[in-house]
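Student: What follows is each chain in one-letter form.
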Amino acid sequence: MIQNFLAYLHSNVTPGEAGNLIWVTIYVLAVFGGVSFGVIFMNWFERKVMAHMQVRLGPMRVGPLGMLQPVADALKLIIKEDLMPDGADRIVFWFAPVCVVMTAFCSFIVVPFGRTHAITDMNIGVLFMLGVSSLGVLGVIMAGWASNSHYPLLGSLRSGAQMVSYEVAMGMAVVSAVMMTSMGNGVGTLSMIKIVEAQRDQHVWYAFSFFPVGLVALTVFSFAMVAETNRAPFDLPEAESELVAGFMTEYSGFRWSLFFLAEYTSMMAVSSIATTLWLGGWLRPFPNLLNGARWDTAFSLVPALTFLLMAALCFNSAIRMPRLQSMRPNMIGLTAFGSILALVGIIALLPGIRNTVQDIFWFVSKVAGFMYMYVWYRTTFPRYRFDQLMKVGWKVLLPVSIGVVIVTALIGVRHELLALVWR
Amino acid sequence: MSLGQMLRTLLLVDLFKGLWVTFRHQHPKDLVTEQYPQERPEIAERFRGQPRLLKDANGKLLCTACGACALACPEKLIKIGSIRDPETKKKVLTEFDFDLSRCMFCGLCEESCPSDSIALSKDFELALYKREGMKLDRKALEDGVPRKVYDR
Chain F
1 MIQNFLAYLH
11 SNVTPGEAGN
21 LIWVTIYVLA
31 VFGGVSFGVI
41 FMNWFERKVM
51 AHMQVRLGPM
61 RVGPLGMLQP
71 VADALKLIIK
81 EDLMPDGADR
91 IVFWFAPVCV
101 VMTAFCSFIV
111 VPFGRTHAIT
121 DMNIGVLFML
131 GVSSLGVLGV
141 IMAGWASNSH
151 YPLLGSLRSG
161 AQMVSYEVAM
171 GMAVVSAVMM
181 TSMGNGVGTL
191 SMIKIVEAQR
201 DQHVWYAFSF
211 FPVGLVALTV
221 FSFAMVAETN
231 RAPFDLPEAE
241 SELVAGFMTE
251 YSGFRWSLFF
261 LAEYTSMMAV
271 SSIATTLWLG
281 GWLRPFPNLL
291 NGARWDTAFS
301 LVPALTFLLM
311 AALCFNSAIR
321 MPRLQSMRPN
331 MIGLTAFGSI
341 LALVGIIALL
351 PGIRNTVQDI
361 FWFVSKVAGF
371 MYMYVWYRTT
381 FPRYRFDQLM
391 KVGWKVLLPV
401 SIGVVIVTAL
411 IGVRHELLAL
421 VWR
Chain Z
424 MSLGQMLRTL
434 LLVDLFKGLW
444 VTFRHQHPKD
454 LVTEQYPQER
464 PEIAERFRGQ
474 PRLLKDANGK
484 LLCTACGACA
494 LACPEKLIKI
504 GSIRDPETKK
514 KVLTEFDFDL
524 SRCMFCGLCE
534 ESCPSDSIAL
544 SKDFELALYK
554 REGMKLDRKA
564 LEDGVPRKVY
574 DR
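Here the protein sequences come in this chain order: F and Z. Sequential numbering from 1 applies to the first sequence in my numbering. Sequential numbering from 424 applies to the second sequence in my numbering.
No lab work stands behind these hints: they were computed from the structure.
Taking lysine-lysine pairs in the DSS-like style, the calculated list, with each CA pair at most 27 Å apart, reads:
id : chain 1 : residue 1 : chain 2 : residue 2
1  : Z       : K440      : F       : K391
2  : Z       : K502      : Z       : K553
3  : Z       : K514      : Z       : K483
4  : Z       : K440      : F       : K395
Some chain F residues well away from chain Z (every beta-carbon gap over 10 Å; in silico):
id : residue
5  : M1
6  : F41
7  : D86
8  : E167
9  : R354
10 : A419
These figures come from a predicted structure and were not determined experimentally. The C-beta atom is built at its ideal place from N, Cα and C for all residues, glycine as well.
Construct the entire structure; sequences and hints are all you get.
Tutor: Laid out in structure tokens, this is it:
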């Protein structure tokens with residue numbers, strides 16, 4: 001068993017491909033923990049960034065710079081009374097948040113954080129992710145139906161219509177990226193890992209291949225994914241001014257926090273699809289312009305330097321805190337946090353670890369970029385009306401994405417023909 | 424729709440403009456939040472806050488106990504007590520009661536005062552838990568409200 005455990009360390013594949021159950025378990029736990037931590041971080045980050053965009057401070061009181069606010073909120077939600085409305089369908093009401101969370105986390109099975117840093121490689125990875133993540137709408141409809149109340153029902157109906165109509169445009173955009181994978185050797189693939197490897201072999205991220213085409217596909221996908229996850233400006237299912245909280249109205253306490261967890265998890269999941277398909281997944285930026293061994297080394301130092309920079313920022317703001325008795329715990333906490341970051345940065349400097357870790361770093365930072373965009377959209381754009389939403393989905397995004405698929409196909413065929421002629 | 428407008432719609436120019444506006448305002452210098460007990464607000468010059476009895480450079484009360492403020496007050500909330508000093512034949516202030524719970528901070532007392540001795544100051548932290556402290560006596564008017572120091 002121990003031999004089995006150690007043998008994997010020398011292999012070059014994901015634990016799922018190697019069939020190593022122990023490592024699969026470790027990876028599942030690591031991904032689950034990492035994503036949950038990401039959700040907690042996003043809670044703080046979203047409130048902070050939103051506050052700054054609205055010229056406010058945001059959470060400041062719990063912990064240094066309000067960093068412990070999500071922890072306090074989670075604690076409050078857990079000890080809150082768990083209500084179930086009278087006349088609710090008890091079993092469906094219980095199962096709806098479980099369904100939403102399960103589907104959201106399931107899609108992370110195939111997300112490649114690096115060549116070996118995925119739970120498994122599936123030959124239909126993208127299809128699996130889209131399929132599983134669109135099962136989430138089932139949970140939303142269940143929640144609306146089981147609540148035995150008007151607002152949740154209306155919210156879930158809106159959500160159902162919205163998710164189904166944006167799924168189409170999203171799928172078309174994905175198809176165009178999948179078609180691009182066949183450009184190199186004539187064999188296309190749906191596997192998340194193979195798609196990134198195809199981008200590496202073709203020396204181009206698909207956002208920039210056939211210049212405007214890939215970018216248009218990415219744009220269509222990034223609209224559709226905001227609508228898919230019910231985020232502003234497409235947050236009609238939970239439109240506060242109209243439907244209280246949409247399908248979540250009757251949920252409270254821990255069940256509500258499960259919906260919250262699922263929302264942010266699925267945001268990360270669709271962001272990682274976008275990253276994998278168009279932004280080169282775990283590949284480092286500027287592979288063509290800045291190539292060569294020296295640049296490779298330079299880029300492999302970036303993760304460690306980022307952590308050290310964050311640590312320096314922590315120390316800086318700890319020093320600049322007002323010298324008050326009441327600020328002392330915050331100062332100590334911030335210094336400790338900075339020290340942990342510095343430690344991680346120093347560990348990431350070691351040559352052996354450096355090369356393994358940088359995949360994860362590039363992937364996560366690209367996903368983080370998308371998460372920032374989510375927050376950014378939310379503060380900037382007002383909510384769409386429902387007919388406008390449907391118009392954008394069916395009359396704009398769908399034709400554009402079909403056009404992208406056709407253009408990609410035409411360019412691809414031309415490319416193949418040219419290759420034949422040259423041969 | 425003209426060509427320029429069409430291009431604007433196609434390239435989502437207005438959306439990007441909006442995004443730029445929100446992005447720009449993230450800069451810390453734009454913050455308008457004031458962390459109140461730690462940061463004091465800037466009070467306007469003509470703000471009408473807690474009433475005070477002023478003193479001259481020698482620390483003597485300016486008030487001549489003429490009673491103009493008590494007459495001017497629309498709420499009749501100022502009570503002035505005085506005795507005549509037998510030597511100088513001048514009125515001397517003995518008590519000055521100001522019922523803050525009825526005051527509407529109109530500033531008529533301040534305006535009517537011939538010796539500029541009563542003034543509405545810039546102190547604004549007047550909230551209390553009970554009605555009792557609302558009646559300011561002469562000492563409170565001379566010293567002003569003590570400022571609470573928040574250290575947590």
